[in-house]
Structure formats: structure tokens, C-alpha cells
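Novice: Respectively, the protein sequence lines represent chains W and L.
Here this note's numbering is used: the first residue of the first sequence is 115, the next is one more, and so on.
Here this note's numbering is used: the first residue of the second sequence is 115, the next is one more, and so on.
Check before you lean on any hint, since a few could be wrong.
One copy or any two copies: either way a pair holds, since identical chains are not told apart in the list.
Below, in silico cross-link-like pairs of lysine-lysine (DSSO-like), each with a Cα-Cα straight-line distance of 27 angstroms or less [to be verified]:
{"no.": "1", "residue 1": "K132", "residue 2": "K497"}
{"no.": "2", "residue 1": "K222", "residue 2": "K577"}
{"no.": "3", "residue 1": "K577", "residue 2": "K232"}
{"no.": "4", "residue 1": "K441", "residue 2": "K222"}
{"no.": "5", "residue 1": "K410", "residue 2": "K475"}
{"no.": "6", "residue 1": "K145", "residue 2": "K497"}
{"no.": "7", "residue 1": "K740", "residue 2": "K577"}
{"no.": "8", "residue 1": "K475", "residue 2": "K132"}
{"no.": "9", "residue 1": "K761", "residue 2": "K145"}
{"no.": "10", "residue 1": "K497", "residue 2": "K266"}
{"no.": "11", "residue 1": "K222", "residue 2": "K232"}
{"no.": "12", "residue 1": "K232", "residue 2": "K740"}
Hints were generated in silico from the structure; no laboratory data involved.
Here the structure is a predicted model, which means the values were calculated and not measured.
2 protein chains.
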Amino acid sequence: MKRIFYPASIVVIGVSEKPDNLAKYIIGNLKAFGYRGELYAVGRRESEVFGMPIVASLEDVPDSLDLAVILTPAAIVPDLVNQCGQKGIFRIVIESGGFSEFSEDGRKLEEQILEIAKEWNIRIVGPNCISVINFEAGVCLPFGPISPEIVKQGPASIISQSGGVSLTFLGMLSSAGVGVNKIVSIGNKADLDETDYIEYLIEDDGTEMICLYLEGISDGRRLLSLAESTSKPIVIHKANRGRASHSVAFSHTAALADDDRIVDGAFRQTGIFRAQGFQDLTSIAQGLMLPPVRGKDLVIISRSGGHAVTAADSAERFGFQLTPLPKSFLDAVNSYMRADVITLTNPMDLGLIFDFELYAKVVEQCLGILQPDAVLLINTYGKPEEEGAMRLAQRVGEISRETNLPIAFCVYTEATEIEVLQQMMGYPVFDDIDAALRGLETSRIWNRRRVGSDPQISPDRFKSMKELDQYQGDTRLQPSDWALRMCEQYQINCAAWEVAQDPEAAASCAAGLGFPIAIKLLSSEISHKSDVGALALNLMHAEDVRTQAESMLGRFNELVDPPTLLVQRMIPEGIEVFIGGVQDPTFGPVVTFGLGGVFVEVYDDVVFRVAPLSEKDACDMLEEIKASQLLDGVRWYGPADRDSLTKVLLSMSRLLLEQHEVLEFDINPLIVTSFGSVAVDARAVVAA
Amino acid sequence: MKRIFYPASIVVIGVSEKPDNLAKYIIGNLKAFGYRGELYAVGRRESEVFGMPIVASLEDVPDSLDLAVILTPAAIVPDLVNQCGQKGIFRIVIESGGFSEFSEDGRKLEEQILEIAKEWNIRIVGPNCISVINFEAGVCLPFGPISPEIVKQGPASIISQSGGVSLTFLGMLSSAGVGVNKIVSIGNKADLDETDYIEYLIEDDGTEMICLYLEGISDGRRLLSLAESTSKPIVIHKANRGRASHSVAFSHTAALADDDRIVDGAFRQTGIFRAQGFQDLTSIAQGLMLPPVRGKDLVIISRSGGHAVTAADSAERFGFQLTPLPKSFLDAVNSYMRADVITLTNPMDLGLIFDFELYAKVVEQCLGILQPDAVLLINTYGKPEEEGAMRLAQRVGEISRETNLPIAFCVYTEATEIEVLQQMMGYPVFDDIDAALRGLETSRIWNRRRVGSDPQISPDRFKSMKELDQYQGDTRLQPSDWALRMCEQYQINCAAWEVAQDPEAAASCAAGLGFPIAIKLLSSEISHKSDVGALALNLMHAEDVRTQAESMLGRFNELVDPPTLLVQRMIPEGIEVFIGGVQDPTFGPVVTFGLGGVFVEVYDDVVFRVAPLSEKDACDMLEEIKASQLLDGVRWYGPADRDSLTKVLLSMSRLLLEQHEVLEFDINPLIVTSFGSVAVDARAVVAA
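Given these sequences and hints, build the entire structure.
Specialist: Structural data, given as C-alpha cells:
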């Protein structure tokens with residue numbers, strides 16, 4: 115990787131002096147960013163660009179260069195890769211498109227390249243990318259011209275599956291006061307994928323946070339493992355969420371669609387920040403630049419009452435609380451004022467103060483006397499006040515650095531003025547109240563992760579997807595008795611049950627189990643039993659069981675062969691939940707939890723975690739469903755026995771990891787009361 | 115109002131040449147914006163500012179000026195108002211603070227001013243505001259300096275309860291390519307409130323959309339009535355939503371808190387756009403500048419694949435669909451391309467085209483051949499490409515105007531460049547994908563409202579709050595039998611019921627009604643009957659009814675006097691919903707609908723509409739709950755009888771309007787099946 119990000123020598127292949135040649139801009143960018151290593155250009159014809167010669171063949175450059183950059187028609191790339199191997203060039207960036215993202219022929223070309231690369235032990239960035247930037251080394255390889263003046267160097271490195279997005283991130287992070295260290299546009303990630311780059315950037319001194327744009331995830335488990343092991347924050351804008359975007363993702367970088375809710379759960383599980391878009395990624399990165407936010411106590415100081423009220427609404431949404439201010443502080447602040455015209459509350463509206471130096475004093479007093487977990491300072495001003503506002507901004511940055519306390523500084527003024535502020539400050543400037551609170555929330559979450567990481571988790575709990583067998587063959591649905599037996603094997607409590615072949619046996623099982631009794635047809639073909647009359651509930655006498663069994667066996671005699679009944683003791687009322695597991699193509703075994711019944715569908719209220727689950731993961735799942743408060747007891751329900759639920763979740767995690775033939779497993783419903791949980795029905799899909 | 119927004123003569127009171135005097139900036143702003151009417155300045159001492167004399171008394175200015183602007187200490191304002199009356203000045207803007215927003219003494223001062231104003235028939239803007247701007251007339255009365263160069267004139271007028279927010283709106287709408295016509299900062303709205311200004315701006319030729327910032331709503335029903343009657347869009351950022359912001363709202367402009375969900379419902383009912391913040395208001399206003407979006411078919415054209423995928427995700431969230439492109443169109447577009455390197459799908463990724471003129475051609479072809487409802491065009495570029503990008507922007511504006519088809523134009527580049535684009539284009543430029551889709555969604559919603567307005571609705575269905583009695587006294591809870599009788603009076607189906615005083619009567623009622631039977635204790639003190647054993651369900655025999663009745667009557671003998679039972683026929687299973695009504699202080703009688711049981715609380719799934727409801731309002735309520743699909747039938751439930759539900763909603767609306775003593779009314783549960791709805795229990799709170 116060092117040779118990719120810090121190459122001592124580069125050859126760019128595909129350069130000509132023609133106006134529509136793009137590869138020449140790679141040379142131009144390297145010149146503009148002051149690249150100091152050896153540099154060569156290869157094209158079809160000898161010529162010159164940016165004052166340097168173009169040679170007509172790779173033969174004419176020295177052997178064993180660190181890096182080759184190829185931007186030629188796709189068809190000749192395999193041959194060029196082979197030539198690189200012969201010349202002892204073992205790192206290649208392929209910027210050309212026309213591979214697996216484009217057509218079936220392109221996919222074959224890509225495979226051919228990979229084979230050649232394997233032979234020579236060559237590692238490849240791309241294809242179909244705008245490649246690599248490392249501002250520390252003057253490396254800037256995109257094929258479009260980049261202006262050095264819009265770039266701010268800083269702690270964020272970028273990995274992006276889209277070239278355009280990597281440049282948008284560069285622009286936004288630069289002008290948000292964050293700044294960028296390294297960029298890699300990974301394109302089709304035919305060889306090196308995002309996890310390879312993350313692994314490198316975790317060790318890279320210049321990188322303090324890693325920002326990604328992904329449309330598909332190559333190895334979900336390795337990604338999680340890296341995220342869990344590092345103390346550097348990882349922020350991912352994972353696009354390609356729904357049905358609408360799938361078609362383009364295939365054609366764009368041949369990404370496979372993931373189940374978006376599994377992505378959410380997996381990221382949360384390992385402390386990855388999921389950005390909801392470009393702006394959101396910027397706010398998160400800004401938040402990570404702030405000193406740590408240790409809790410939820412926030413003071414809002416605003417020059418405008420309306421902005422203060424709007425910020426208070428937003429603070430509530432982001433889980434902050436506005437602590438009342440003590441009189442001592444109010445007195446201290448009022449003593450600065452020209453006139454007593456404002457009632458001071460939190461949020462503070464300092465409306466009529468026109469002297470910005472007083473603002474800085476109020477902020478200092480606030481941090482000194484109140485020691486809140488964070489301060490949000492909102493300044494609103496116009497052109498005539500820019501000078502004072504600029505001084506205030508500088509002072510705010512100083513105060514935050516001196517005290518190591520987080521001040522989210524948010525300004526509403528002209529866009530050009532905000533640019534100037536951000537260039538100057540070396541401290542993030544927010545231009546939107548919600549963005550500022552998102553930043554503070556991010557710092558709070560990251561601080562909690564930093565101090566609260568779980569010592570019980572082994573550093574490599576998520577093995578790479580490559581170590582897991584992904585079953586691709588036919589599948590089979592197992593009936594309830596098989597699945598319930600599996601539950602019992604994993605110490606999951608089931609409502610007492612037996613299997614009966616005929617009405618008489620059913621009645622006698624019932625008598626043994628105790629009433630009330632439910633009987634169900636055992637069948638792998640019928641999944642919603644109540645819909646088709648394959649279920650009878652609340653039977654109070656052996657006689658009722660016999661009658662119902664007779665009727666049910668008769669009805670399904672021809673459909674199911676031989677028809678068999680599950681006879682089950684009914685259990686008292688409780689909250690119905692659903693616990694399941696699935697083998698996900700991106701993340702491997704995944705455990706799911708939600709409310710049972712119709713509501714999991716209607717309210718889409720379900721959470722996911724990747725197995726193996728830690729105890730904390732299981733507890734988090736219970737907290738994370740929208741209906742979580744139901745588990746605390748609502749109306750006539752008492753509080754649910756959460757311990758019993760976490761135990762079932764952990765059992766499901768083990769089951770999925772150990773029983774390789776189980777591809778899907780549902781316990782539905784699992785009834786939870788204040789005194790435990792009991793599985794009532796279960797089903798499983800297994801490898802045929 | 116004409117005299118406030120188009121004054122032919124103005125006197126500013128409170129001016130001095132001292133550095134900390136704020137009133138002098140009012141003179142400065144009027145000069146800067148080229149106000150051409152008569153202008154006078156009054157201060158304590160004779161002097162001069164901005165080249166004009168300050169006179170020491172109101173005596174020294176002519177009589178009958180159109181408008182006085184007061185910025186002096188609060189204490190002397192009442193006297194000044196009186197002097198204005200004597201001088202025949204009947205419109206006054208009071209910018210001073212220190213009134214009801216500040217203290218009890220301030221509140222008294224404010225009342226005193228209102229009394230004096232009433233005597234003279236004076237109308238007042240404020241107090242505690244930064245007053246009025248009308249760019250058409252060079253009127254600019256804020257007490258802070260405003261730079262004419264940052265202001266773009268345009269179709270949006272602003273009414274704001276916060277001075278700071280009015281200036282933020284001005285800045286944001288100016289630089290988003292919308293532009294502003296008139297601004298009024300309404301402060302404590304002691305006399306004129308938002309509805310007065312809305313009424314004026316609806317008739318005002320220069321105003322094409324009305325944007326508001328409100329912390330409290332003065333007369334909810336008049337607001338709704340105005341919104342429903344006008345063909346101009348109204349956009350409101352209503353802050354002060356939750357508990358956290360209430361304290362500051364009181365101190366800031368003495369706003370009263372509203373129930374935020376009622377605000378949501380009332381706005382939706384009358385086509386008011388609710389902005390979620392400053393940025394959102396800007397996106398909505400931009401959307402209203404676009405030609406009408408007639409449906410959901412969207413084509414996304416992007417220069418970057420990643421932006422295309424992100425936009426496709428966002429489009430799905432905003433309810434758009436990406437129609438597949440026909441081959442004829444793909445061929446037409448491919449014929450422009452230098453090389454066949456991109457697979458064209460919707461979203462279209464035009465990545466490798468560097469010639470911006472081709473973009474314009476693709477957009478034209480798209481509109482011509484496909485005729486989609488809207489196009490989203492995303493351009494990403496850097497400094498070296500600014501010139502071409504600028505030409506593209508201009509061309510896009512022209513195409514949209516020529517075809518009257520909506521193109522949301524979204525650019526990712528430097529902030530300063532976006533400013534330049536927006537200045538130049540006279541067409542909204544979005545700088546964020548979500549903002550662009552919010553804009554398109556807005557245009558779609560507004561177009562639907564424009565073509566689909568309900569002819570059955572009378573133009574003044576919402577009478578002003580002033581015409582409704584707001585009951586303030588003691589209240590009383592009515593027992594179920596009272597409320598069920600009220601239901602029956604309004605043709606709401608109830609499960610058959612009778613009242614019984616003793617076990618024998620209960621048993622005989624039950625026999626008459628038919629089994630299964632439920633019995634409930636009738637009491638206004640006990641609201642959740644199942645919690646305390648005041649409810650017995652599923653009784654199948656007269657004997658069971660007798661036993662349960664005896665036990666219940668015995669148990670509650672001492673608590674309730676005399677204990678009485680409701681004997682009720684139980685009805686078949688169905689979906690449990692909740693329909694209620696309440697007298698809201700802001701909007702008067704309000705009808706509410708949600709799922710019954712514990713889920714309305716857990717998922718907060720409830721909608722509101724203001725009475726009188728139209729039939730369309732009632733139908734909308736059924737669609738608007740999150741669990742709406744449940745009414746279509748899920749699993750074993752068939753589709754609900756929606757007609758029966760809308761009838762109950764309309765009955766509830768009539769009940770609330772006609773029964774003035776009813777302050778709250780709940781039907782819970784109302785059981786709905788495929789064959790109708792039946793009220794099972796009800797309660798009411800009435801004026802004591």
C-alpha cells in the first residue's frame with residue numbers, strides 16, 4: 115500500500131497532447147500538487163505535455179517503478195498489465211472504465227486482468243475509478259483537473275466507490291474546516307477492496323478518521339472486525355438502499371444490494387457512523403473534530419431568539435437536555451449588559467448585545483461556572499459586522515482548545531463569508547442548526563464508545579466472509595417440531611409439546627401436558643397456519659382435542675402425507691415478540707428481533723445484529739426497537755423479563771454459527787412475561 | 115396595511131447621532147434602499163444623522179404622516195403612541211423590547227399601549243420586532259444595517275415572529291435564487307397578528323408565496339381559513355415544538371405552546387407547507403418556483419454515478435419513481451457520445467462526458483421523448499470547468515421556461531460558485547440532492563392541491579377562534595352510558611347495551627341482548643377499567659353474568675355510589691381503532707384518529723384534523739396513520755370498511771361543533787371489520 119499512496123516513481127499510461135485526452139490531466143495534477151518523485155508518461159505517439167516528454171512504449175521507461183496509472187481503452191489494459199509485470203511494476207491503478215460495471219464482455223476482461231495480476235503478484239486499484247490522492251506526498255492522480263486552492267489538508271481520509279463522490283467529499287470536508295489527508299477511489303474494486311484500504315489507513319499516521327462512500331460492501335464481516343478493532347472513527351455513506359437504486363448500482367459499479375436494515379444494525383453494533391448523505395457525512399466529520407461531548411447537558415447561546423427556539427427543538431430531537439441556568443450565572447452575564455432587556459434562560463437569547471466580545475465572555479463564563487457537556491453558539495450577522503464576527507470566531511476556537519470543551523459554532527451569514535471563516539479557523543464552523551447538533555451528537559456517541567468499549571469482545575470475533583461457507587443450493591422448510599427441538603437443544607424454553615398421529619393420541623398427549631391446549635398441523639408447506647384452519651386454540655377438554663384433531667386430520671389428509679399434529683400446552687398471555695436468524699450474503703449469520711404479530715410488518719419495527727452477539731449487543735437490540743417501552747410494561751402488561759430475551763438472542767447467535775445447514779430460523783411468537791420467555795412456534799429453512 | 119408597507123411619509127422616533135444608538139440605522143437603511151417618501155427623525159436632542167436633521171420633538175414634524183417607527187426605552191412608548199394619535203399618525207411600528215416578552219410590568223405597559231391605540235384607532239406592528247421591509251417601495255426599517263447587495267428581490271414575502279429569523283430567511287431565500295418582496299417582523303403581535311399580514315399579502319400583487327416563522331399561533335382557525343381560500347402557497351416554520359423550547363418561547367415572544375401533532379394535521383388539512391427548519395423552508399420555496407410537477411415519474415441525470423445512486427435512494431424516500439428509459443431514447447443519447455462506455459439506465463450516469471453542451475441536449479431529448487413529470491439534473495465540477503457549467507446552467511433555465519417542465523438543477527461545486535450561479539440564473543439552484551427532491555415533492559404536492567381542491571368545502575368553513583367560546587372552568591368526566599348515548603344521537607353504531615343496577619337485572623339484560631356478554635362498572639372515576647377488575651368479558655351464560663355482576667357490585671360498593679353496571683353484547687373480532695375529539699386552544703374543535711390499544715401510545719400513531727371535517731379530510735386521516743396498510747387487510751384481517759370509519763369521523767366532527775359543553779370525547783375501542791364499525795366504549799369530559 116505504501117507504494118500506492120507514497121510512490122517514489124510513477125508512470126502514467128495513455129497520455130497524449132490532444133485536447134480530448136484525459137490522462138494528460140494526471141500529469142497536470144501531479145505538477146500542480148508538487149509531486150517530487152520520478153515521473154514518466156507513455157502514449158501512442160512521442161510528444162510532450164506540461165513540459166515533459168511522452169514516450170511511445172513502456173519499454174522506454176526504467177524498470178521497477180513503484181506505480182503505473184493506466185487510462186486507455188479497456189481492451190488493451192490486460193496487455194498493459196502484463197507489460198507492467200515484465201517491467202517489475204507491481205502496483206497499478208486502472209482508471210479506465212468499460213469492465214464489469216459496463217457489460218458481460220467487460221466482466222471477462224476484468225477477470226483476465228485479475229489472472230494476469232495474480233501471476234505477477236500485482237495489486238490493482240480500480241478499474242473504473244479516478245484513483246488516488248495523497249496530499250502529504252503531492253500525489254494527485256485523477257483524470258480531471260483539481261485546483262490546489264480549494265483543497266484543505268486535514269485529518270480525514272476518503273475511500274469512495276464513486277469518483278464524483280470522492281471529489282464532492284473533498285470539497286465539502288475542505289470547506290467545512292475538516293480537511294483531507296488521502297483519497298482512494300476504488301471503482302469496481304476488482305482486486306483491492308474497501309477493507310484493504312481501511313486496514314492501511316488505520317495504521318496511517320496522517321489519517322485520524324476514515325470516511326467512505328459505498329454502494330456495496332465486499333466483505334461485511336472483515337469491515338466490522340476492522341471497525342471494532344480501531345480507535346479511529348469510521349463514517350460510511352452507504353447508498354444503494356432501496357429497490358429504485360439497485361439497477362443503477364449494478365450498472366455503475368456492479369454493486370450487490372444489501373438489506374439496508376442489516377447494514378444499519380451491523381454499523382451500530384461496531385460503532386461505524388452511518389451518514390445519511392453528503393451533508394450528513396460532513397456534519398459527522400465536523401463533530402469528530404470537536405473535543406469530546408461527555409453527556410447530554412447542553413447550553414444554547416444565540417444572538418437571535420428564533421434561532422434559539424429552533425435550536426432548542428433540534429436539541430430535543432438529538433437527545434440533549436437544556437439544563438436550567440443558576441442565578442449566579444445569570445447575574446454574571448447580566449452585569450455585562452448595557453441594559454436589562456432580556457430574560458436569560460437556556461436557550462439564551464442575547465439578542466440586543468451588539469458587542470461580539472461580550473459573547474466570548476458569556477461563553478467563557480458558561481464553561482467556567484456551569485461546566486455543561488457542550489455549548490452551541492449561534493451567531494447571525496451581515497456584512498457590516500463581519501470584522502467583529504471574525505474575531506469572535508477566532509476567540510471561540512481558542513476557548514475550545516484551551517478548555518478542551520466542545521463548542522459547536524454555528525453561523526448564519528453569507529455563504530462566501532462562511533468560506534472565509536472556515537479557511538481561517540482550523541475549527542469546524544457549522545452553517546445549519548441541525549448540522550451542529552448532529553455534530554455534537556456524533557461527538558457524544560464517539561466519546562461513549564471510546565470510554566465504554568466492551569472488554570468481553572474478542573478482537574477478531576467477526577471472521578472474514580471468506581472463512582464462511584456460503585450455501586448456494588436448494589433449500590427446504592423444516593416443520594415446527596424439528597425447529598422446536600433445535601430450540602430446546604439451545605436451551606430456549608418452549609411451550610410443552612408432543613407430536614400425535616391420530617385423534618386418540620392427541621387427546622392423551624393433551625391430558626399429559628395439561629389444559630388449555632392448542633393443536634397445529636405439522637407441515638413444512640403451510641406457513642401461516644391460522645389462515646387455513648390448520649390451528650385450533652384454547653381447547654379445554656380431552657374431548658375437544660379429539661374432535662378438533664379428527665376434523666383437522668381429515669381436512670388435510672390429501673394435502674399432507676402423512677398428516678401429523680403438534681399438541682401444545684397454551685401459555686398465559688404476554689408480549690409477543692419475534693426472534694430470528696438468517697445467513698446474509700454480506701454479513702453472514704445475522705440475528706433479528708422485533709415485535710410479533712402484525713406490527714413488525716406494519717411498523718417495520720425490527721433490528722439486526724451480526725453473530726456472534728455479545729451480551730451488550732443483545733441488550734442493545736431490546737433498546738433499539740421503536741416499541742422498546744412496551745418491554746418496560748405498558749398498561750396491563752408488567753415489565754418484560756429482559757434477561758430471558760437476551761438469553762434467547764444469544765442462543766440464536768450460537769445456533770446460527772454452529773448449525774451450518776440452518777439458513778433461516780424464526781421463533782414466532784416468543785411470548786415474554788415478567789417471569790421469562792417461552793417459544794410457541796418456530797420454523798427453519800435448511801440446506802436441502 | 116397599505117400605509118405600513120407603502121408609507122408616503124415616515125417619522126423615526128428615538129434617533130441620535132451617538133455610536134450606540136440603533137434607531138439611526140433605520141434612517142441609514144431607508145437611505146441605502148432609496149426610500150423616496152418624506153422622512154423625519156425625532157430624538158432627545160437636535161442633531162443630524164446620514165445628512166438629515168434630528169428634531170427634538172414630535173411637535174416639530176408635520177401632522178398625518180403615514181407611519182411612525184418607535185425605538186426608545188419601553189417606559190416612554192405609551193406616551194409616544196398617544197402623541198402620535200394627537201398628530202394624526204395612525205400606523206406605528208414599535209421596535210423596542212421590554213414588554214410582555216420580558217416581564218409582568220412589561221405586559222402591563224403593552225396593555226396600556228393597546229388601550230391608547232384603540233382610542234385613536236391606531237394599528238400597531240410589534241412591539242419587540244425589527245419591523246418592516248418592502249423592497250418595492252425602498253422601505254427598510256430594521257435597526258441593524260442591511261446591505262442592499264446581498265438582497266435579491268423576488269416573489270416571496272416573509273412574516274416572522276423573530277427578527278433574527280426574518281433576516282436569515284432574507285439571506286437564504288436571496289441566495290437560493292428565490293428572492294424576497296416584503297418582510298414583516300411581528301414581534302409580540304400585540305395588535306396586528308400573522309393572520310392580518312397574511313390577509314394583506316394574499317391581496318398584494320408583489321407577493322406570490324408567503325413564508326412564515328412562528329413560535330405560537332394567534333388564531334389557528336383564521337389561519338386555516340386564509341390558507342384554504344388563497345391560491346398563493348403558504349409555508350410555515352413553526353418552532354417551539356416540544357417541552358424543551360417552551361420556556362424560552364414564553365420569555366422570547368410570550369408564545370403559547372401548541373400540540374405539535376395538531377399543528378401538523380391542521381397544516382396538512384389546508385395545504386400549508388410545514389418547513390422543518392431554515393434550510394427546509396428554502397428548499398420548499400425553491401420548489402414553488404419550479405413549473406408544476408404533475409406526477410411521480412422522475413428522470414435523474416447525473417455526471418457522477420455515486421450522486422446518481424444517492425439521488426435514486428432519495429427519490430424513493432420522497433415518493434418518486436424512476437421510469438425505465440425506452441431504447442429509442444438510449445439510442446438518441448448514445449449517438450452523442452464519443453464512446454460507448456456507459457450503460458444508460460434511470461438514474462443516468464453521464465460520467466465520462468466532459469462536454470456540458472451534451473448535457474443540455476440530453477435534457478432536451480429527455481423532456482421531448484419521455485415527457486417525464488420531472489427531471490433532476492446533478493452537475494459536479496471544479497473551478498476549471500466553471501465557464502461551461504455556467505452556460506449549462508443558463509441553458510437549463512431556458513429549457514425549463516420554454517417547455518414549462520420542471521427541472522430541479524442541483525450542483526456540487528464551491529460555495530462561492532453556487533452564489534454566482536444563483537445570482538445569475540433567476541431559476542432556483544439546489545446545492546443538495548435531498549433539498550432538490552424536497553423541492554420537487556413540494557411542487558408535486560402544490561400542483562395536486564391546485565388541481566384537486568374540494569368544491570364541497572365552503573370558503574369560510576373555519577370560523578375565527580374569536581367566534582368560538584373557549585370554556586375555562588371546571589370539568590367533569592361522564593360515564594360510558596352518557597357517552598354511548600351521545601354516540602347514538604350522532605348515528606354512531608354502538609355494541610348493544612343496557613344499564614343494570616343489580617345482578618338480577620344484569621342477567622336479564624344479558625339474556626335480552628344475546629351472548630357473549632361483557633359487563634363493566636359505570637363510573638366516571640375509573641378510566642382504565644381492565645386494570646382494576648371493573649370489567650368482565652366473554653360471559654356465555656346468564657348465570658355467569660349474575661355471578662360476575664354480584665362480585666363486581668360488591669367490590670365497588672364503597673368506591674362508587676350507587677354502583678351501576680353496563681351490560682353489553684360482545685362483538686366479533688376486528689381492528690381496534692380510536693376516534694376522539696378535543697377543544698384545542700389554538701384550533702378549536704379537533705378530531706383525532708389512531709389505532710386502539712397500546713400501539714397508539716408506543717408508536718405515537720395518531721392524526722388530527724380541525725372540525726368541521728370534509729369527507730376528503732376524513733379519508734385523508736385513514737391514509738395518514740403509519741399503520742394505514744392495516745386497514746387494507748393484513749394476514750387474517752380482511753380490508754376494513756373505510757366508509758363506516760369516515761362516517762364516524764364526520765359524526766365526531768358534528769358532535770364537537772354542536773355540543774359546546776363537550777370538551778373531550780373518546781371512542782375507544784371502535785371495532786372495525788369488513789362490514790362496518792361498532793363503538794364498544796366511550797367517555798367524555800364536559801364543562802361542569
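Novice: Give the relationship of K222 and K232 under a CA distance limit of 27 angstroms: within one copy only, between copies only, both, or neither.
Specialist: Within. Shortest intra-copy distance 15 angstroms satisfies the 27 angstroms Cα cut-off; inter-copy 86 angstroms does not.
Novice: State whether the alpha carbon distance between K497 and K266 is at most 27 angstroms within one copy, between copies, both, or neither.
Specialist: So K497 and K266 pass the 27 angstroms test inside a copy (25 angstroms) and across (15 angstroms) alike.
Novice: Which holds for K410 with K475 at a C-alpha limit of 27 angstroms: within a copy, between copies, both or neither?
Specialist: within (23 angstroms within a copy, 53 angstroms between copies)
Novice: With identical chains treated as interchangeable, where does the CA-CA distance between K761 and K145 reach 27 angstroms or less: within a copy, between copies, both, or neither?
Specialist: neither (61 angstroms within a copy, 75 angstroms between copies)
Novice: With 27 angstroms as the alpha-carbon cut-off, assign the pair K577 and K232 to within, between, both or neither.
Specialist: within (24 angstroms within a copy, 79 angstroms between copies)
Novice: State whether the alpha carbon distance between K232 and K740 is at most 27 angstroms within one copy, between copies, both, or neither.
Specialist: neither (49 angstroms within a copy, 53 angstroms between copies)
Novice: At 27 angstroms max between alpha carbons, let me know whether K475 reaches K132 within a copy, between copies, both or neither.
Specialist: between (60 angstroms within a copy, 25 angstroms between copies)
Novice: What label fits K441 with K222 when the C-alpha limit is 27 angstroms: within, between, both, or neither?
Specialist: between (74 angstroms within a copy, 25 angstroms between copies)
Novice: Should K132 paired with K497 be assigned to within, between, both, or neither, using CA atoms and 27 angstroms as the limit?
Specialist: between (46 angstroms within a copy, 21 angstroms between copies)
Novice: Reference check for the pair K222 and K577, CA-CA at most 27 angstroms: within, between, both, or neither?
Specialist: neither (30 angstroms within a copy, 72 angstroms between copies)
Novice: Classify it for me, K145 with K497: is the Cα-Cα distance of at most 27 angstroms met within a copy, between copies, both or neither?
Specialist: This pair counts as between: shortest inter-copy Cα distance 17 angstroms, intra-copy 38 angstroms.
Novice: Please work out whether the CA atoms of K740 and K577 approach to 27 angstroms or closer within one copy, between two copies, in both situations, or in neither?
Specialist: neither (30 angstroms within a copy, 39 angstroms between copies)
Consistency with the previously given hints fails for numbers 2, 7, 9, 12, ordered from lowest to highest.
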